[in-house]
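Letter by letter, the sequence shown follows residues 1 to 206 of full-length UniProt numbering.
Be aware that one or more of the hints could be misleading.
Unchecked claim - Here are the in silico distance ranges between beta carbons for each label pair:
#: 1; residue 1: M95; residue 2: K28; range: 27 to 33 Å
#: 2; residue 1: N71; residue 2: K160; range: 38 to 44 Å
#: 3; residue 1: S80; residue 2: S138; range: 39 to 45 Å
#: 4; residue 1: C5; residue 2: C161; range: 49 to 55 Å
#: 5; residue 1: G98; residue 2: R44; range: 37 to 43 Å
#: 6; residue 1: I86; residue 2: Y173; range: 25 to 31 Å
To be verified - Pairs of lysine to aspartate or glutamate residues, derived as EDC-like cross-links and limited to a Cα-Cα distance of at most 20 Å, are as follows:
#: 7; residue 1: K65; residue 2: E113
#: 8; residue 1: K49; residue 2: D60
#: 9; residue 1: K30; residue 2: D15
Honestly, the hints are just simulated from the structure, not real lab data. Glycine included, every Cβ here is placed at the ideal spot set by N, Cα and C.
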Amino acid sequence: MFTQCINRYIDTNIDKFETIIQFDQNSKIKITCPVPMCNKLMERDDIKKIATKEIYERYDFLTFKLAIQKNPRFRWCQASCGSGQIHIGEDPIFMCKGCDKNSCYTHGILWHENQTCEKYDEINKPLEIATERFLSKSTRCPRCNLYIDKIEGCDHMTCKCSHQFCISCLHEYPNHESNCNSFGCFDDRLNHLLLDLRNRTGRQIF
């Protein structure tokens, strides 16, 4: 397998886990061997030997981020800054050492000027309730944990991480239909059968 292909494979996995850890800080970086039928996890030394310097540094920084953010006093600054630090003291305001902007330790956002944390909670309570209702009706992607909401159509979903799955049974597409009894998947199975029959006979079924 070409080194360029392996590097692209590792880089793609790093992109995926960068998305995952935004929503699940307890996740672990697991990159499996790209060789078909081999499910062995690639160790840090394996990646260091194979990957380019730039890709390995991305991987190394991502593992560092996962480790340091497990500290309950650690907070990241805003995404545009990318810096982070351990907050000491009880004051909810902390100034980022990277960009000098004030952030809220409690809410993890830029400091809400002229509002205490209590006032901010009071104003944003309706939005939080609406968000909770939305999340309760949504489904997490089995691969990256992002929330997905089905508005209409079939059960075949495609997440932002490119993972395709059935929103009813959560099995991966394609060829998952034998494990699912939902009406959405039944319609999908029927369509596959009709398409296969049309291809075999060369005749339009409907």
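Structure-based check of each hint:
1. Separation of M95 from K28 is about 32 Å and conforms to the stated range, judged on CB atoms against 27 to 33 Å.
2. Restraint check, N71 to K160: a C-beta distance of roughly 29 Å breaks the suggested window 38 to 44 Å.
3. The given range of 39 to 45 Å is broken by S80 and S138, whose C-beta atoms sit roughly 27 Å from each other.
4. Distance hint check for C5 and C161: the Cβ-Cβ separation is about 20 Å, which falls outside the suggested range of 49 to 55 Å.
5. Taking 37 to 43 Å as the suggested C-beta distance range, the pair G98 and R44 does not conform, at roughly 27 Å.
6. A hinted range of 25 to 31 Å is violated for the C-beta pair I86 and Y173, which are about 43 Å apart.
7. A C-alpha spacing of about 29 Å is found between K65 and E113, which places the hinted pair above 20 Å, so the restraint is violated.
8. With a C-alpha separation of about 13 Å, the suggested pair K49 and D60 falls inside the 20 Å cut-off, and the hint holds.
9. For the given pair, K30 sits about 12 Å from D15 by alpha-carbon distance, which is consistent with the 20 Å threshold.
The structure does not agree with the numbered hints 2, 3, 4, 5, 6 and 7 stated previously, though it agrees with the rest.
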